[in-house]
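Undergrad: Taken in order, these protein sequences are the chains called A and B. The first sequence finishes on residue 541 if you use our numbering, and the numbering steps up by one all the way, no holes. The second sequence finishes on residue 1274 if you use our numbering, and the numbering steps up by one all the way, no holes.
Since the hints were made in silico from the structure, they are not lab data. Honestly, I wouldn't trust all of these hints.
When the alpha-carbon atoms are kept at most 30 Å apart in a straight line, the in silico BS3-like pairs for lysine-lysine are as follows [what the hints assert, rightly or not]:
| id | chain 1 | residue 1 | chain 2 | residue 2 |
| --- | --- | --- | --- | --- |
| 1 | B | 1240 | B | 1158 |
| 2 | B | 1203 | B | 1223 |
| 3 | B | 1251 | A | 260 |
| 4 | A | 260 | B | 1274 |
| 5 | A | 21 | A | 507 |
| 6 | B | 1158 | B | 1220 |
| 7 | B | 1158 | A | 260 |
| 8 | A | 507 | A | 451 |
| 9 | A | 220 | A | 25 |
| 10 | A | 451 | A | 347 |
| 11 | A | 21 | A | 220 |
| 12 | A | 260 | B | 1223 |
| 13 | A | 36 | A | 25 |
| 14 | A | 260 | B | 1240 |
| 15 | A | 224 | A | 25 |
Covered, in the sense of this in silico footprint (three residues per stretch, anywhere, with C-beta under 8 Å from a C-beta of chain A), are these stretches of chain B [stated by the list, open to error]:
| id | region |
| --- | --- |
| 16 | 1109 to 1121 |
| 17 | 1125 to 1139 |
| 18 | 1144 to 1155 |
| 19 | 1253 to 1263 |
In this text, a Cβ means the ideal position worked out from N, Cα and C, and glycines have one as well.
Here are the chains, one letter per residue:
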Amino acid sequence: MQYQHQLLASDTYQNTVGDHLLKLLHKPINHAYLYLDKWFNLAFGTHWNPLYHLGSLAIFLFWVVLVSGLYLFVFFNTSILGAYHSVEFLTHEQWYLGGVMRSLHRYASDAAIATVLLHILREFSLDRYRATRWFSWITGVPTLWIVILLGISGYWLVWDQLAQYIAISSSQLMDALTIFSSAMTRNFLPENLSDRFFTLLAFLHLLGLPVMLIFALWIHVKRLTKVEIVVPRGLAIGCFLALLVLSLVYPAVSHPQADLTKAPMVLNLDWFYLAGFPLLDYWAPLTTWFLMIGLTLLLMIVPWLPPKRIPASAIVQLSHCNGCGQCFDDCPFDAISMQARTDGSPRWKREAVVVPHLCIGCGICVGSCPYSNPFRRSEVHLTTGVDMPEYPVHEVRTATDKALASITGPVKMLVFSCSHGVDVSDLNDPGVGSIRLVCTGMLPPAFVEYALKKGADGVFVSGCRSGDCFYRFGNRWMAQRLHGERVPHLHARVERDRVHVFGAAETDKEAFLREIAAFRERLQKIRQPSSEHLSKQEEVNHG
Amino acid sequence: MVNNGWRYGLQVLNYLIWIALIGYLSSGVSYRLLEPNQAMITLALTHSGQLKGECRKRTVEELAKLPPNMRAPMECPRGRSPIEVRIVADNQVLFEKTLLPAGLSGDGRVDVYKQFKVPSGPHQLLMQLKDSVKADSFNYVREEKVTLVPGQIQFIEFNANVGGFVLK
Ligand code: HEM
Ligand code: SF4
Ligand code: SF4
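Only chain A is shown next, with the shape it has when bound in the complex (with noise of 0.2 Å):
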């Protein structure tokens, strides 16, 4: 019987009511997810997949949102009074330029929204947002709501019917919590308008929402290493192109202009930014704010709905931590820091630092340390320079050990995998022992080499699919390592042949089969090459 190891720690979901109901919500949006990033990684590659780049995609969109509104702020009137002919002005007079900036400005908006919206339904389904991550999502929150203010407020600048309805429709909302003074409503009554409210929301507009929301996401992304804040190139100009082409194809027009004694009758609403207005229509003004506040609320709490217990944090062992740094760089939740050494240790300057709070538990830490290494035999248990508590690499060698034992058949395997991807515990192949990790990134590369030296054929590495991970970068590190592109580097001596890397979701567990018997046939030849390879072999041998 082949040997399956479950590490006893899980940071998946845990057997009660709580995580069975929230597995419930999560799946069929996950696994739509998946589905389209199978459809996107066959026409963008893993490379350039929108769904793999969301955050920094909505970045991007933010930069031409504000490269377009610098040329619009040239040529725009902020009085309330000219307001509407400059904009009219751009949008026909100049339409070549202004107004394709103008339309740039308002669909790269629409996109941004929409893509952050991706975003977050991304990571919720995926469950990226719980436990340490809690952070990322709270501060998420009120960037969502700098975004929507930003939007509505554009619509405001153009002075058009559109806007006069969002100004009245906005100031009832406020005069519902009559803590101003004086009635919003009444600056937008015909023999009261005024520019003093409308240079206000200029100002927000212009200035203040758009310096709040680059404060915003830098807060929002502060708990995430090497964060990626520029979108991959072929992403970005495929993006911009296309918005070039709906500027083009349908240029974004006003409505009629604003006049105060006149109802508009129909409007063509943004349903990205506008789409709460009709409510208001409908519903009191308070009621519309319990709804918005309790939503907001509801936002907030949702990643303690439930908690998620996640693995105890990595614990520094500093007799075996020679302040390499290796393991600062590779943690994807700024979780280590490196500090001056505290033990006095005459040979190094040096020591990693966990910060409990900030650690998720990923283990990627451990597969870069350099003293994570298997055949270190000199110590009866192995130690290494940052440790997994629950799933210590001690554990992980003697699970090594086992499962290379228990494998029978021509043709050994041995397969690592995670928590997160393709599920191997039911495999029942004689000839395939596995060991599931918290993450491939745990893997130390020369586990790798232990496993081939102690008698496996092939080891076969299987965690999230290339371009996304559940822990940021646990495939793409161990991938970079086995490459001998990071370290610590798998050594140059292992026959490349004789590994393989595969990222494969939960949902594709076909193509890991087929990948798995492909990887059999190669190691069968290797194992026992052809008679044509042996005569060949001969030849350079005699030759």
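Since chain A is already given, all that's left is putting chain B with the ligands on it; use the hints.
TA: Then chain B with the ligands, alone, in the frame of chain A:
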């Protein structure tokens, strides 16, 4: 696997779906606020109710008890009357409410802003307001016939200085 030509083709297809969706939701779906034969009546009223109590002359003893800087000869209660407003169009009540003055001590103004959709055409408007607890019935009443064209806004405002309800 797909070759590069196919790949770019698929990308273009995806981008086209994306921009079609954006263009459509951005300005392709209209929202009707008023039917073609509707107009709007907007009640935009701001008014302070009359003081609830009468001003009273303070006695000499009372004045002596007060700190020197607060010895005003008259004592006036600050509280203002709630305002009752009723707007009827063609025997149909559009608005009927008793509005409490704003502010902690009930001495503030009352602000109302309400929009009502009505059919265009002629309407008989009855506007009533009571701003004093001492009055038994509405102390401001105005009746007016208006004819509204579709999309027109008939503002109903209030200004006690010019005799009460103002139509604009
Ligand atoms: C408003 C615009 C937003 C932008 C531009 C944005 C951008 C980003 C970026 C660039 C990242 C880092 C991704 C990475 O490199 O791994 C990120 C992470 C994240 N975002 Fe947003 N975000 C936005 C809004 C939101 C909102 C509204 C939410 C949720 C309510 C949210 C939830 C998250 C979460 C949970 C993560 C952490 C993912 C992780 O731990 O791996 N974001 N966001
Ligand atoms: S386990 Fe290691 S790599 Fe993962 S979050 Fe904790 S310190 Fe960082
Ligand atoms: S990788 Fe290991 S040796 Fe290097 S700093 Fe981290 S714990 Fe210390």
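Undergrad: Evaluate each hint against the coordinates.
TA: Hints and how they fare:
With a C-alpha separation of about 8 Å, the suggested pairing of residue 1240(B) with residue 1158(B) holds against the 30 Å cut-off. A C-alpha spacing of about 18 Å is found between residue 1203(B) and residue 1223(B), which places the hinted pair at or below 30 Å, so the restraint holds. Proposed proximity of residue 1251(B) and residue 260(A) is supported: the alpha carbons are some 19 Å apart, at most 30 Å. Among the hinted pairs, residue 260(A) with residue 1274(B) is consistent with the structure: their alpha-carbon atoms are about 12 Å apart, no more than 30 Å.
Distance check on the hinted pair: residue 21(A) and residue 507(A) sit about 19 Å apart at the alpha-carbon level, within 30 Å; holds. Restraint check for residue 1158(B) and residue 1220(B): the C-alpha separation of about 26 Å stays at or below 30 Å, so the hint holds. Only pairs whose Cα atoms come within 30 Å are accepted, and residue 1158(B) paired with residue 260(A) is rejected, the gap being roughly 39 Å. The suggested pairing of residue 507(A) with residue 451(A) holds, with an alpha-carbon distance near 29 Å, which does not exceed 30 Å.
Taking the CA atoms of residue 220(A) and residue 25(A), the gap is about 28 Å. The hint holds against a cut of 30 Å. Between residue 451(A) and residue 347(A), the direct Cα distance comes to roughly 35 Å. Violation of the 30 Å bound is thereby established for this hinted pair. A hinted pair counts as satisfied when its Cα atoms are at most 30 Å apart, and residue 21(A) with residue 220(A) qualifies at roughly 28 Å. About 13 Å separates the Cα atoms of residue 260(A) and residue 1223(B), which keeps this hinted pair within 30 Å; it holds.
Simply put, residue 36(A) and residue 25(A) have alpha-carbon atoms about 16 Å apart, close enough for the 30 Å limit, and the pair holds. A distance of roughly 39 Å separates the Cα atoms of residue 260(A) and residue 1240(B); the hinted pair therefore is violated under the 30 Å criterion. The straight-line distance between the Cα atoms of residue 224(A) and residue 25(A) is roughly 28 Å, inside the 30 Å bound, and the hint therefore holds. Three residues within the 8 Å Cβ limit are the bar, and the region 1109 to 1121 of chain B against chain A gives 6, so the coverage statement holds.
Counting residues of the region 1125 to 1139 of chain B whose C-beta sits closer than 8 Å to any C-beta of chain A gives 13, which meets the bar of three, so the coverage hint holds. Counting residues of the region 1144 to 1155 of chain B whose CB lies closer than 8 Å to any CB of chain A gives 5, which reaches the minimum of 3, so the coverage claim holds. Residues of the region 1253 to 1263 of chain B lying with their CB closer than 8 Å to a CB of chain A number 6, which satisfies the three-residue condition for coverage.
Hint violations for this structure: numbers 7, 10, 14, all remaining hints satisfied.
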